[in-house]
Amino acid sequence: MIETTLADPRLVEITLNGETALAHADATILDVCRAQDVDIPTMCFLETLTPFNSCRLCVVEVAGSRTLIPSCSRTVEVGMEITTESERVANTRRILYEMYASTVDLSLSDDDTRRWMAKYEVKPGRFGEYESHRKVKIQDDLYIRDYDKCVMCYRCVAACGTEAQNTFAIDVAGRGLSSTISTEFDVVLPDSACVYCGNCIGVCPTGALMFKSEYDMREAGSWDESRQTVTTTICSFCGVGCSLDLHVQDNRIVKVSSPLDHDVTDGHLCIKGRFGYAHIQEEAGRST
Amino acid sequence: MPESTWSGATARTSADDHVAYGGFHAAIAQRRLLLPALHAVQDSVGWVSHGALNYISERIPVAPAEAYGVATFYDLIATEPLPRRVARVCDDIACVAAGRTKLITDLEAEIGPENTPNGEGMWVRSPCLGHCEKGSAAFIQRAGEQAITIAPVTANQIAAILDGEPTTMATPPVVASSFAGLARARAMGAEAVREEVVKSRIRGRGGAAFPAGIKWNGVADASGDTKYVVCNADESEPGTFKDRWLIEQDPFALIEGIAIAAYAVGATKAYIYIRGEYREAEILLTSALEVAGDAPGIEIEIRRGAGAYICGEETALFNSIEGFRGQPRQKPPFPTTSGLFGAPTLINNVETLVAIPGIVSDGGDAFARLGTEESTGLKLFCVSGAVTDPGVYQVEFGATTRELIDLAGGAQGEVRAVLSGGAAGSFLTEDQIDVPLTFEDGRDADISLGSGAIIVFNTEADMTAITYRIAEFFAHESCGLCVPCRVGTSLQLDIVGRICEGADTDADLYDLDNIGWVMRDASICGLGHTAANAVESALRIGLIGGKT
Ligand SMILES: Cc1cc2nc3c(=O)[nH]c(=O)nc-3n(C[C@H](O)[C@H](O)[C@H](O)COP(=O)(O)O)c2cc1C
Ligand code: SF4
Ligand code: SF4
Ligand code: SF4
Ligand code: FES
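Residue numbers (my numbering), protein chains in the order written: chain A, -4 to 283; chain B, 126 to 673.
Hint data in this document are derived by calculation from the structure and do not stem from the laboratory. Virtual Cβ for every residue (Gly too), placed ideally from N, Cα, C. Please note that the accuracy of each hint is not assured.
[What the hints assert, rightly or not] Reference listing, derived: stretches of chain A covered by chain B, where coverage requires no fewer than 3 residues with Cβ under 8 Å from a Cβ of chain B: (1) 54 to 65; (2) 81 to 92; (3) 160 to 167; (4) 171 to 177.
[As the list claims (entries may be wrong)] Label-pair ranges, simulated between beta-carbon atoms: (5) D21(A) x E447(B): 24 to 32 Å; (6) K130(A) x V170(B): 38 to 46 Å; (7) V259(A) x D346(B): 38 to 46 Å.
Extracted from the complex, chain A is given alone in its bound form (with noise of 0.2 Å):
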């Protein structure tokens, strides 16, 4: 936020949690409050993807709306008066997660989630335990699918769609509680469009796609990020120049992901990027 003054066309001035503040004309009431360090959960939200509005975790009371407003995708008005903290919104929000958890194996998801659950006291079995039901989809070396673990946030449609890959290998199918990621006819993805950039990894909140090589660590119980390290580095495949970090653990890249404030990538990678370094340690391996 710039504090600056109202003479400023492209500010307004609006109530937060009983405060006066001043927002950019476009900004959404999220930018606002993360501008402002006022936090609020978010599970479909990333900053690099336009607004899906499926998890609703966002929603704030505005004056005079019947309803609870997403934050993610509203943007701020004249005045608007804009309460993100009260019964009726931590209240909302308990549910959802125990919506969530209801439906959904959450045992991977993000540490924000983790936080958040424990700060609304989430009651995880309330609406009954989770129980598995489909099968995880293995079907090539570079990334699994386990649609247990999805929470239909829309991030990976939108990836590999419009916003990042302009692929199309998977949608939404079916409607309701049914619907699910998939390709075509549930077509195994190398016979889908799929071009292996894996920006759908990338932008996964749940675990729900993943690095083969972590699955197969977290099987083998030998994953453990407490050992990783992280290493920065630039692509060397071509020339584009994208941000790649390095996720290793015991000497060997279990992870490849991108950084999503850097300006040439936006989070988002190629397959010789993300999937190039099985070739480097290949290659590695055969030198020694």
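Chain A is already provided as a structure; the job is to place chain B with the ligands on it using the hints.
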């Protein structure tokens, strides 16, 4: 011979890979043809195979995964092989309330269990088909032949059609209209027409009751060279059949209303999105459009829905026309500035648009003299269930539910419950039955007029089964986009199931209450906002859950 498959060649030629007329944007714009293409394959083959989907994907073009996502969204498009003929038979609450459960038992006896192929035919249960006043209804899809809707229908008839007996739908001939209201509108000028609509104070008849005049001015004032008028004829609220009835009565009145609206807001094209099961109304509208020719002064395209209640929600309807999954969009922006294809769009219900020629001819003031201060004009109500003469009844705003039931010849048997507003509405208390059905009285007394459905249940009706059917409806129709509704409607169904069996706990009732308000408070669209209404009211007035 056509140069490539793009221009109609049956086999791929070398030009296919090298020539792209119009470029990327022209190709993307073709996406709106996706649902019609899926319909075409479904109608001719009976299901959409992987090969057919790939072919459609290539021709439109759209990614196969996206086309699959769209195809699997709709009940009337199958992506697995089905028998050549499938009868979708209404077993919804208005039919049950009218005691029409015999059809289902007859079908079981005559054809066999639901969802089980018998020869080249099969029958399945369907949500309300919107023919409640006519009797038991069936919508029958037939590979290679036109789908038909028949009401009233018997198990014998259905069995014969499933066996392949040729059957066509008899639709009355359409008689040309003079479009006097449209001529008057053109003489007045667009702004004056909008002024009359504002003066009439007519509110939308599709459920949300938004003042039409404000919408019309909003679209007229919005910037943009391309603007659309969309008529919402998706009518899928259980117990609602007024829009179908209006079109069957006089398709020209609707066309005229659309033409006036398009003229008044400066639209460049109009769409009518009609429920896929409304076969007769669709055929009538198609013939009427042919007879009308250029008279409406605007291109009007009919688009068929494909079995999804949510596509009645305006932004889901836009997505459906555009060839995307019929899921709602977050509002704002509102359709008036960013609607169909992102352009300013006026969307109105059939009943709203049919009222327009009269408002233009007689003046907004004349219209506003009828009804009450906030609820002007005449209103259609759909009275169904256990009444002597189920049907569409037109009254001046201000009539009570009891008066409407009397208009329909009174209740059959002893009244046990009345559901107002369809599945999204609520069961009325004894007091509420005498409240005038106006927007203002409804608001004060917590009654939803919704689509104008009034379903009467007598003491023969099994109210636990009815309530369960409503919960089932929402779990089936939730589009699945947002968590409160996707999970909430399904949890609600589980709990209502336990209540019906008398196996519920105190925690269940508490949970149900919590789920209800999270759906109402945090869902994206009206489906989630209203999904708990009927269940909650059934509990409140003791129709289910005798334990509390
Ligand atoms: C789940 C849902 C279903 C709806 N179905 C219909 C429908 O079938 N027909 C209709 O006119 N409006 C329906 N609506 C309301 C529309 O979103 C919209 O408000 C209406 O078409 C506007 O027209 P009006 O102003 O003339 O009423 C539905 C809304 C929701 C949330
Ligand atoms: S790896 Fe890339 S192309 Fe394949 S599904 Fe994921 S985002 Fe799409
Ligand atoms: S697979 Fe991951 S990114 Fe995709 S919808 Fe599911 S949780 Fe979201
Ligand atoms: S409320 Fe229900 S129908 Fe509406 S967007 Fe959410 S999931 Fe879809
Ligand atoms: S973060 Fe806003 S709806 Fe999910």
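Okay, the hints, checked on the actual structure:
no. : hint                          : in the structure
1   : 54 to 65                      : holds (count 4)
2   : 81 to 92                      : holds (count 5)
3   : 160 to 167                    : holds (count 6)
4   : 171 to 177                    : holds (count 5)
5   : D21(A) x E447(B): 24 to 32 Å  : 25 Å, holds
6   : K130(A) x V170(B): 38 to 46 Å : 31 Å, violated
7   : V259(A) x D346(B): 38 to 46 Å : 43 Å, holds
The structure shown violates just one earlier hint, number 6.
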